[in-house]
Amino acid sequence: MLVQALKDQGVDTVFGYPGGAVLPIYDEVFQQNDIKHVLVRHEQGAVHAAEGYARSTGRPGVVLVTSGPGATNAVTGLTDALMDSIPIVVFTGQVPTFMIGSDAFQEADTVGITRPCTKHNWLVKDTDKLSGVIHEAFHVATSGRPGPVLVDIPKDVQFATGTYTKPAPTASHYQPRMKGDIEEITELVAAMEKAKRPVFYTGGGVINSGPAASQLLRELVDATGFPITSTLMGLGSYPASGKNWLGMLGMHGLYEANLAMHDCDLLINIGARFDDRITGRIDAFSPKSIKAHIDIDPSSINKVIKTDIPIVGDVAHVLEDLLKIWKARGRKTNVESVAKWHMKINEWRKVDCLAYTDSKKSIKPQHAVARLEALTKGHDRYICTEVGQHQMWAAQYLGFEDPNRWMTSGGLGTMGYGFPASIGVQMAHPDALVINVAGEASWLMNMQEMGTAVQYRLPVKQFILNNERLGMVRQWQELLHGERYSHSWSEALPDFVKLAEAFGAKGILCSDPADLDDAIMEMINHDGPVIFDCLVEKHENCFPMIPSGKAHNEMLLGEAETQGVIDAKGSVLV
Amino acid sequence: MSALHIKKGASKHSAYNLRPTFSDVNERHTLALLVENEPGVLARVIGLFSGRGYNIESLTVAEVDHTGHLSRITIVTTGTPQVIEQIKAQLGRIVPVHEVHDLTVEGSSVERELAMLKVVGDGDKRVEALRLADIFRANVVDSTLGSFVFEITGAPEKIDAFADLMRPLGLAEVARTGVAALLRGE
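The listed protein sequences derive, respectively, from chains A and B.
Start counting the first sequence at 851; every next residue gets the next number (the working numbering).
Start counting the second sequence at 137; every next residue gets the next number (the working numbering).
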């Protein structure tokens, strides 16, 4: 019945790991050919792979794991998907209903454990209700603000036969509002007509809303000529090559983007949530601006930053109405002032905040990412990352032209996310170039998935910036903890080339800047999974940086400014 | 109406008029939720309050519509206006929560709580307890030669006042139901 429900939901790929409590379902999976099952090597990997699949396609990712440890291993992935609003549906086996509560073998209170880390979850005790719950689960995961859901199915319910019901989208009482309030939208249009220093601040909500939202955003930005910046999650919704593009904002965002946020007089938040990585010090955040906020989730509004023009609705729907109203009112903007605003921004741009001192002796990590960008730009390319310095360098030095091309763990900051995510992306896009920009420490957290990549011949490229350090931790220890590098380096790293070969994949080692281009080309051209061990400068710090507890206009641009910049109040922040 | 408040009858899908008029003063609000009567729904509500660090002063829950499978949860909470708005919005996100009402802003409402108090004593104290119970219109639901159990219904403040009076007279135990509340009028 579960397999039939998945087919009716249009599922083509499931990431999973079998075990005692899901054997009846695996037996059904065995006897059909419509749905591909990908055997991961750890349940956390299954959930991240499903996230990668979901983010690169816009369709929900599906996971099937067993009870007890299978479910608890999925918890990190569920929390990651909840924080980043990624639609995934996780099915867990459970001990038979008559054994629930008896501390049975591989029993865990799965719905209890996953209640705070899912959008919703269900324990199905009646086979007749199973298909209805599954359809509802897909509906909840994908509508409104998307998120992870979990369906816990006891083994006796899996064995029993019941009546199957077809999906019916109107059956659910859960119907989030899509259209924004016209009065509020009109008020925003009026503010846009008058604004002297406007800026668009976009987030993952634009991407979650679907390709139409990105199209409408591009039309709006190009028609108004307003500058646009984006969060880590929103990269690609407006092209990096676009003329109004400021680059990413936030803690490691670009100088021009952060100063534009600080000095603007109209801030238009589209599908972002004023995360603390973005705002820095709340009381000094964008002090001179009127703030508009478009979000499908009413709880995002006024959660962190007071909003003057709140608009609850789906980004695509709201932008469509916004454009209509703006056009109907005569396509007005304050052209002269906005042109002056662009001149001001261009002055900030001249600071060239991403400049770094290159080296002929060692590979600078920024250089490695910049070369990766140059050599893969024309490809049908998807980028994943792990979490840390490499993630920020990837966000800074790679250009994203389209949505759904950038998979990174934003809210939860999960080390070990990128590799399994790249597997999920490659499953969805078999012919594309899928690269995971990684740090060696993050990558090792889910390295067992090499087995999956090799088994399914997924040519994922693991581009590891290896500094033999937990780079971001090391950077904070340098800035905050008197250069006492407590446990932030690894003394026993594997030989990544041999590791690749042990799994039956290809390994490439590169330590000389002169060899870098050839090595990257070798990686791209190899038809199969590659571990690229890029030995980079070990003590490079990631700049620009807004230190904890500081405002956007107090950012650090380079090494010379880093001593004693974080005060006692800022040091308690993470 | 005040710009901060969700319109009367607003459910989670039309949370408009979210204009901020934030102050730092703590307010006491009574919220009424209509929720699907399914396992775990109370845990979701309580987990939200503990997970996000909100206060619960009192909470009552019972099924109110058997055919519609709906329960009503009444929560009394305190917080700044911004926190109260967040609580309502976060409650509205919970999938089995059908409606969120803020009785404190949607109009005047009646609030009642039931309490039982055991008072142990003899002589004058016993007589005085009975006399005060009469003034508060509390009923005696159990009696021994050395004790009474009083049942009292009213606003929480009335029950507080009654309990305060009983304390020197030998108050031994209190059981309170928490607040149930309804909007006045139609």
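In short, the hints are calculated from the structure, not lab data.
Among the clues, some could well be false.
Said to hold, decoys possible - Keeping only pairs whose Cα atoms sit at most 16 angstroms apart, straight-line, the calculated EDC-like set for lysine to aspartate or glutamate is: (1) A/1153 <-> B/174; (2) A/1093 <-> A/1072; (3) A/1174 <-> A/1251; (4) A/886 <-> A/862; (5) A/975 <-> B/160; (6) A/979 <-> B/174; (7) A/1156 <-> B/258.
To be verified - Computed list of chain A residues with no C-beta within reach of chain B, every gap over 10 angstroms: (8) 949; (9) 962; (10) 1133; (11) 1147; (12) 1148; (13) 1171; (14) 1304.
Using N, Cα and C, we set each Cβ at its ideal position, and we do this for glycine too.
Hint check results:
With a C-alpha separation of about 29 angstroms, the suggested pair residue 1153 of chain A and residue 174 of chain B falls outside the 16 angstroms cut-off, and the hint is violated. Between the alpha carbons of residue 1093 of chain A and residue 1072 of chain A the distance comes to roughly 8 angstroms, so the proposed pair stays at or under 16 angstroms and holds. Our distance criterion of 16 angstroms between C-alpha atoms is broken by residue 1174 of chain A and residue 1251 of chain A, whose separation comes to about 25 angstroms. Among the hinted pairs, residue 886 of chain A with residue 862 of chain A is consistent with the structure: their alpha-carbon atoms are about 6 angstroms apart, no more than 16 angstroms.
With a CA separation close to 47 angstroms, the supplied pair residue 975 of chain A and residue 160 of chain B exceeds the 16 angstroms bound. At most 16 angstroms may separate the alpha-carbon atoms for a hinted pair to count; residue 979 of chain A and residue 174 of chain B meet this at roughly 13 angstroms. For the hint linking residue 1156 of chain A to residue 258 of chain B, the alpha-carbon distance of about 60 angstroms lies beyond 16 angstroms, and the restraint is violated. Once the 10 angstroms rule is applied to beta carbons, residue 949 of chain A is consistent with being away from chain B; the minimum gap is 17 angstroms.
Against the 10 angstroms criterion, residue 962 of chain A falls within the reach of chain B, whose nearest CB is about 7 angstroms from its own CB. The Cβ of residue 1133 of chain A lies farther than 10 angstroms from every Cβ of chain B, with a closest approach of about 13 angstroms, so its non-interface assignment holds. Residue placement check: residue 1147 of chain A does not keep its beta carbon more than 10 angstroms from all beta carbons of chain B (closest about 7 angstroms). Listed as outside the interface, residue 1148 of chain A is inconsistent with that label: its C-beta sits roughly 4 angstroms from the nearest C-beta of chain B, within the 10 angstroms cut-off.
Interface exclusion of residue 1171 of chain A from chain B stands, the closest Cβ pair being 15 angstroms apart, more than 10 angstroms. With a minimum CB-CB distance of about 40 angstroms to chain B, residue 1304 of chain A clears the 10 angstroms threshold, and the non-interface call stands.
This entry does not satisfy hints 1, 3, 5, 7, 9, 11, 12, going by the numbered hints stated previously.
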